[in-house]
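**Student:** One letter stands for each residue in the lines below.
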Amino acid sequence: MHHIEVLGPGCTRCKETFRVVQQVVESAGIQVELVKEESYERMAALGVMSTPAVVIDGTVVVSGRIPKAAEMRELLGIS
Amino acid sequence: MTTLPDIGGQPVTEERDRAPLHLAAGIVIAVLAIGLYTQLARLSELVTYSMLRLTRGTHLASAVEFFVFEVPKVLLLLVGVVFVVGLLRSFLTPERARRALAGKREATGNVLAAIFGIATPFCSCSAVPLFIGFVSAGVPLGVTLSFLVSAPMVNEVALVLLFGLFGWKVAALYLVTGLSIAIAAGWIIGRLKLERHVEPWVWAMQAGEAPADAPKRWSERFSDARAAVREIVGKVWPFVVVGIAVGAGIHGYVPTNFLAAFMGRDAWWAVPLAVLLGVPMYSNAAGIIPIVEALLGKGAALGTVLAFMMSVIALSLPEMIILRKVLRPVLLATFVAIVAAGILVVGFIFNAVL
Numbered sequence: 001m002h003h004i005e006v007l008g009p010g011c012t013r014c015k016e017t018f019r020v021v022q023q024v025v026e027s028a029g030i031q032v033e034l035v036k037e038e039s040y041e042r043m044a045a046l047g048v049m050s051t052p053a054v055v056i057d058g059t060v061v062v063s064g065r066i067p068k069a070a071e072m073r074e075l076l077g078i079s
Numbered sequence: 001m002t003t004l005p006d007i008g009g010q011p012v013t014e015e016r017d018r019a020p021l022h023l024a025a026g027i028v029i030a031v032l033a034i035g036l037y038t039q040l041a042r043l044s045e046l047v048t049y050s051m052l053r054l055t056r057g058t059h060l061a062s063a064v065e066f067f068v069f070e071v072p073k074v075l076l077l078l079v080g081v082v083f084v085v086g087l088l089r090s091f092l093t094p095e096r097a098r099r100a101l102a103g104k105r106e107a108t109g110n111v112l113a114a115i116f117g118i119a120t121p122f123c124s125c126s127a128v129p130l131f132i133g134f135v136s137a138g139v140p141l142g143v144t145l146s147f148l149v150s151a152p153m154v155n156e157v158a159l160v161l162l163f164g165l166f167g168w169k170v171a172a173l174y175l176v177t178g179l180s181i182a183i184a185a186g187w188i189i190g191r192l193k194l195e196r197h198v199e200p201w202v203w204a205m206q207a208g209e210a211p212a213d214a215p216k217r218w219s220e221r222f223s224d225a226r227a228a229v230r231e232i233v234g235k236v237w238p239f240v241v242v243g244i245a246v247g248a249g250i251h252g253y254v255p256t257n258f259l260a261a262f263m264g265r266d267a268w269w270a271v272p273l274a275v276l277l278g279v280p281m282y283s284n285a286a287g288i289i290p291i292v293e294a295l296l297g298k299g300a301a302l303g304t305v306l307a308f309m310m311s312v313i314a315l316s317l318p319e320m321i322i323l324r325k326v327l328r329p330v331l332l333a334t335f336v337a338i339v340a341a342g343i344l345v346v347g348f349i350f351n352a353v354l
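Line by line, the protein sequences are chains X and G.
First residue of the first sequence? That's 1 in our numbering, and the numbers climb one at a time after it.
First residue of the second sequence? That's 1 in our numbering, and the numbers climb one at a time after it.
Incorrect hints may have been included.
To be verified - Straight-line distance between alpha carbons at most 25 Å, and here's what the computed DMTMM-like set of lysine to aspartate or glutamate pairs gives: (1) G:325 - G:195; (2) G:235 - X:16; (3) X:36 - G:231; (4) G:325 - X:37; (5) X:68 - G:224; (6) G:169 - G:156.
As the list claims (entries may be wrong) - Ranges of calculated distance between the beta carbons of each label pair, as one might list FRET restraints: (7) X:27 - G:230: 19 to 27 Å; (8) X:57 - G:191: 38 to 46 Å; (9) X:11 - G:242: 19 to 27 Å; (10) X:11 - G:180: 26 to 34 Å; (11) G:226 - X:27: 39 to 47 Å; (12) X:70 - G:267: 50 to 58 Å; (13) G:273 - X:27: 48 to 56 Å.
Said to hold, decoys possible - Residues of chain G clear of chain X, computed beta-carbon distances all greater than 10 Å: (14) 23; (15) 46; (16) 132; (17) 133; (18) 167; (19) 267; (20) 280; (21) 334.
Note that these hints are calculated values from the structure, not bench results.
Think of the CB as a built atom: it goes at the ideal place given N, C-alpha and C, for glycine as much as any other residue.
Isolated chain X (complex conformation) (with noise of 0.2 Å):
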């Protein structure tokens, strides 16, 4: 099961991604941990300096941008 965060401090962007990602995770019927992280000192660990940004398994993916649910599911390995 991934673990997938959406790192930002709750602007309108960062809520925007997350529900991108929620949006790809239920229409793709996949079982995922999907949390809104707005720890600054969460960002600074994973190293990330433009929001939103979303994390997949620890990894960051995308970084300072909305991402496309296309991208996403890609990203997640949805076909």
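Given chain X, work out where chain G should sit, using these hints.
**Tutor:** Just chain G now, kept in the frame of chain X:
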């Protein structure tokens, strides 16, 4: 499948096959846009006097012509420049800026940081992660703050609007003075040794290694740039339209030199007042510049107007509240005071010289 020349060092994919088509479409759109741009004056006249049959010389006609001319002009410029900057940004990430700045000496570092600030993607909600990322990687405090002043103040949206509405000279002046404020403010803070006024938890932070940037293909860069246009222009266009509508109203109805008395260059208190008024106002460059243009046209002095604009964009209350999370009150106040002083100096110099 024919093998296409490969730009990004990636295997040829299905998407790559459509790249020439996208490129061709892009060129056609660019040519059409430039053609439209050159005909805007004629178009606005046509709409105002032939289609709407307004009488020449009336306030209404003057306001309508201004609006019909400026809205498409600014929007076309905005789309073009945001696209190009979007392409540039796919090369310049905050991670790269940090790598370039870490270990740089101050002075050089301040200058570089301010220049990076122009093109690096930045939104105020990224200010804190960026601050932590820079400082914990060994970028000096003053250099980091140079970046944080320059990033919101000297941005492509502001420069486009200034260029479109005031011409290249004012845009260049804004660029140079904005960078100077960013460089000077950061350098002075570096001299003041205020590191102990950064919240202690920031220094305890363990900076992670920034993720390595995957090499990007050109098709990805173009798609990033298109996404930037959608996001940025999608967000600012209502401000542009409303701003120009207000500007058009002033343009048509407020008498020339109406503002000269209290926003002209003889009123010494106009500049500080403009800076003070700018702080609680939270607007992006798009919303403020068209209004400012109309003010300028009615006798307000350029220095006063530029000071007002810089204050609105660079000294916004929400950003200060966000920065308070990492900067203690003394440092935050010093930072704001130095930036405000820089803006005042710019305002006074322009009023004196021009």
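**Student:** Next, verify each hint and record whether it holds.
**Tutor:** Hints, one by one, checked against the model:
In summary, the hint linking residue 325 of chain G to residue 195 of chain G is supported, as the alpha carbons are separated by about 15 Å, within the 25 Å threshold. Distance hint between residue 235 of chain G and residue 16 of chain X is fulfilled; the C-alpha atoms sit about 14 Å from each other, no more than 25 Å. Annotation: proposed proximity of residue 36 of chain X to residue 231 of chain G holds, straight-line Cα distance about 22 Å (limit 25 Å). Distance check on the hinted pair: residue 325 of chain G and residue 37 of chain X sit about 17 Å apart at the alpha-carbon level, within 25 Å; holds.
Taking the CA atoms of residue 68 of chain X and residue 224 of chain G, the gap is near 10 Å; set against the 25 Å cutoff, the hint holds. A C-alpha spacing of about 15 Å is found between residue 169 of chain G and residue 156 of chain G, which places the hinted pair at or below 25 Å, so the restraint holds. The hinted range of 19 to 27 Å is satisfied by residue 27 of chain X and residue 230 of chain G, whose Cβ atoms lie roughly 22 Å apart. Evaluation of the 38 to 46 Å hint for residue 57 of chain X and residue 191 of chain G yields a pass: the beta carbon distance comes to about 45 Å.
At roughly 23 Å, the beta carbons of residue 11 of chain X and residue 242 of chain G sit within the given window of 19 to 27 Å. The supplied range of 26 to 34 Å is met by residue 11 of chain X and residue 180 of chain G, whose beta-carbon atoms lie about 30 Å from each other. Checked against the given bound of 39 to 47 Å, the beta carbons of residue 226 of chain G and residue 27 of chain X, roughly 24 Å apart, lie outside it. In this structure the supplied range 50 to 58 Å holds for residue 70 of chain X paired with residue 267 of chain G, their Cβ-Cβ distance being about 57 Å.
For the pair residue 273 of chain G and residue 27 of chain X, the supplied restraint of 48 to 56 Å holds, since their beta-carbon distance comes to about 55 Å. Even its closest Cβ contact with chain X, about 21 Å, leaves residue 23 of chain G beyond 10 Å, as expected for a residue assigned away from the interface. With a minimum CB-CB distance of about 40 Å to chain X, residue 46 of chain G clears the 10 Å threshold, and the non-interface call stands. The beta carbon of residue 132 of chain G sits about 5 Å from the closest Cβ of chain X, which is not more than 10 Å, so the claim that it is off the interface is violated.
Against chain X, the non-interface label of residue 133 of chain G is violated: not every CB pair exceeds 10 Å, the least being about 4 Å. With a minimum CB-CB distance of about 33 Å to chain X, residue 167 of chain G clears the 10 Å threshold, and the non-interface call stands. The beta carbon of residue 267 of chain G sits about 39 Å from the closest Cβ of chain X, which is more than 10 Å, so the claim that it is off the interface holds. Once the 10 Å rule is applied to beta carbons, residue 280 of chain G is consistent with being away from chain X; the minimum gap is 20 Å.
With a least CB separation of 22 Å from chain X, residue 334 of chain G remains clear of the 10 Å interface cut-off, as annotated.
The structure does not agree with the numbered hints 11, 16 and 17 stated previously, though it agrees with the rest.
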